[in-house]
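Going line by line, the protein sequences match chains A and B.
Here the first sequence stands for residues 1070 to 1283, numbered as in the working numbering.
Here the second sequence stands for residues 11 to 479, numbered as in the working numbering.
Don't read these hints as lab results, they were simulated from the structure.
Check the hints yourself; a few may be wrong.
What the hints assert, rightly or not - On the chain B side, residues computed to face chain A include the following (Cβ under 7 angstroms):
1. F49
2. S51
3. T55
4. N118
5. M192
6. G195
7. V349
8. S350
9. K361
10. I368
11. L385
12. K388
13. D392
14. K394
15. D419
16. S422
Claimed, not checked - Calculated pairs, DSS-like style, for lysine-lysine (alpha carbon to alpha carbon, straight line, at most 25 angstroms):
17. A/K1206 with A/K1239
18. A/K1187 with B/K196
19. A/K1182 with B/K199
20. B/K98 with B/K72
21. B/K388 with A/K1236
22. A/K1239 with B/K72
23. B/K98 with A/K1182
24. B/K199 with A/K1239
Ideal placement from N, C-alpha and C gives every residue a C-beta, glycine not left out.
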Amino acid sequence: MSSRQWLSSAVRQCKPQQLPRTFSTTAPVAAFRSLFGKKDNEMYGLLKEGLERGGPLSEAEQRQVMDQQAPRASIQDLRGRDVTEAYARQMPRRWRTGEVYAPRDLGPTEARKFRAGKTASRDVVDMFGFNPVDNYKNFSMISEFMTSMGRIKHSKETGLRPVNQRKMAKAIRRAIGMGLHPSVHKHPEILRRGRHGLPTSAIPTPETTRQNVL
Amino acid sequence: MASRSVSPGGALLRTSRIFAMANPIPPPVTDSSSGATSFSSNMATLDFPTHQVITTLSSARKRGEWGLKRSLPLKTTLKSKIPMLRVKAIDSAEQITDFTSATDHGMNRRKFLELGIPLTARRPAGGDGGDSSNQNRPTLSMNLPQKSVFEKEIDTTDLDPDDLAKAIDNRWRFNGPWLAGMTTGKFQKYLEKEVRPRRPEFREFLKKKIAAELHQAAANEALDKGTEPPAPLDASSVTEDQLIDFLRKLRHDSQALYDMVGQFLDLAPLAPPNISQLGLPAGINKITWRQIKNPYATGGPPVTHPSAGLSYLRTSMYMDNHPIYGPQRQHPSVVARIVSPRRQAQTQPAKLGVAGFIVNTPLGDTTSNSRNNTLFDKIDPDVKGGAKVWVQPKRATVDSSGRVVLTVDDASAEAKLVAQELLGLATCLGTTRDERQTGRVESASQIRRRYSAKNAPAMSSTQNYGIQR
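Assemble the whole structure, with the sequences as input and the hints as a guide.
See below:
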């Protein structure tokens, strides 16, 4: 883009009173125009002068135009955003409305505790009242309670009480023994979901011709 | 009987602190107890206090005297300026008194009282029901003045067992659980342990209902005929066949069945399901229900009294008076701390802290919501003590989980200036503060001496009203 082109586009952009706007009588627009009109008029004059002179603007004039045209997001703002991000990363607690805080809760010692996730301390099987052995065909459940290498998770990680841990382990062994579930990795459907990062229902299933045949 | 005579030892114990200590209440339900992976701290301040806060006089405190079994160590109890402790165990197995500081909740309560706003009851989810035009516009009813939790019809604390069912729309405490808040496993256990053994009792309850129904029908008939009203029927006179017929009728009327079961078990009211839950519009589906007006039907009943004992104010409809500027239109504005900034990438809104409670930023078309307000977006480490804004507390309610939900608005410019002037942070109407006066600290006795002078300023006190001489 030549400097001439750039200049004319700049003139077009800051032309103070474009025809359609002149007829706008709504209060906000009128107020806006009166607020910024003076400054724009000055710049319009400056650019017009440059155009009439026929040559490109001098360096000082160019800087003046660019200063006025530049968006207000300056380097300082970007730096401020970086600082905010850096500090916010040190404050991992997600505050919820109605929670109570004392000065101690805003300090670094408490903030650090919210960084590490804590594993389940409640028995989900008791909570939802189902029998794991009856659900051996539920591959989402089976995959949840085995590692990525296909080993049954320890009760330390699952949070199940011994009775339910045994039932869950039995369900996993049964699913693998019946050939319903792979023994060295999670179920392919779960892996596919993990790859896409989407819920399973949202992923289109590949159409096989055999399924369409009656 | 006015008072029972007790032995001197008994009287001593009765007035002692050990006997006056309230039992701790169960702690709030946290994420860590919900099975899923959670981010939490076991040392963070709880959403509501579970133990009573005790205090003592300064002279007794210097001796470690807190009215407990043994005196407390001075090294720890004298460190804080504010004498507030919570005692977890008066005497543990190791023969020590287990105590910690309670300034967190104690000071928060003091700060809350300074706001001068009453605790209000939540409005029912579908509006008040009286005006049908308001029903689908909860935002409208949100802005209406709220009712104090101490209003007579809402504040039901002591009811006759027979009136429990009648007052269902205004009660906040129920003997039975709130079924919508139970997990499947818990519900199954509840059915097995508590409901199933009460089957014969429920049949008796139904018989009583049938007897009352039959009596009502007979009384109406007698009234029409102009004969003597019949004697009330006894539940034992209801036959098994009548009961079975009634049960069959109930099975086809879900609302009536729920009413009977709900009354028998004193279940907390449940909000009727909406279309998105049922999948059918109201006209088509078979289940019929009555509108529930109880404000706790959607979120479950509160764990405490809806005031949570935080404040006993009944209204905020009073005027604050300024010594120079006279009556003020608004209550004093307060400073809110920006506890966490708005983070757009994480879709995390900014959170404010008012009087130690986490609060949402003001809603609506306010200056703090204007586009060029970047105060909520950034953390500026150069601002000492963190960024703060002036807000106007509007109302406070306690939600089902016992959290205090405060609502704030932007402070008006005038209210903010007046509040700042009182703190010595700003000057109004060209007044300047005397530099010598600003830094001077007056002791209580100096102030008392100033006001006990011959031409003391007119102040209202108990003496003026002749209450005390």
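Comparing the hints with the structure gives:
{"no.": "1", "hint": "F49", "in the structure": "holds, 5 angstroms"}
{"no.": "2", "hint": "S51", "in the structure": "holds, 4 angstroms"}
{"no.": "3", "hint": "T55", "in the structure": "holds, 5 angstroms"}
{"no.": "4", "hint": "N118", "in the structure": "holds, 6 angstroms"}
{"no.": "5", "hint": "M192", "in the structure": "violated, 10 angstroms"}
{"no.": "6", "hint": "G195", "in the structure": "holds, 3 angstroms"}
{"no.": "7", "hint": "V349", "in the structure": "holds, 6 angstroms"}
{"no.": "8", "hint": "S350", "in the structure": "holds, 5 angstroms"}
{"no.": "9", "hint": "K361", "in the structure": "holds, 4 angstroms"}
{"no.": "10", "hint": "I368", "in the structure": "holds, 5 angstroms"}
{"no.": "11", "hint": "L385", "in the structure": "violated, 12 angstroms"}
{"no.": "12", "hint": "K388", "in the structure": "holds, 4 angstroms"}
{"no.": "13", "hint": "D392", "in the structure": "violated, 9 angstroms"}
{"no.": "14", "hint": "K394", "in the structure": "violated, 14 angstroms"}
{"no.": "15", "hint": "D419", "in the structure": "violated, 15 angstroms"}
{"no.": "16", "hint": "S422", "in the structure": "violated, 23 angstroms"}
{"no.": "17", "hint": "A/K1206 with A/K1239", "in the structure": "holds, 12 angstroms"}
{"no.": "18", "hint": "A/K1187 with B/K196", "in the structure": "holds, 23 angstroms"}
{"no.": "19", "hint": "A/K1182 with B/K199", "in the structure": "violated, 35 angstroms"}
{"no.": "20", "hint": "B/K98 with B/K72", "in the structure": "holds, 21 angstroms"}
{"no.": "21", "hint": "B/K388 with A/K1236", "in the structure": "violated, 51 angstroms"}
{"no.": "22", "hint": "A/K1239 with B/K72", "in the structure": "violated, 63 angstroms"}
{"no.": "23", "hint": "B/K98 with A/K1182", "in the structure": "holds, 24 angstroms"}
{"no.": "24", "hint": "B/K199 with A/K1239", "in the structure": "holds, 24 angstroms"}
The earlier numbered hints that this structure contradicts are 5, 11, 13, 14, 15, 16, 19, 21, 22.
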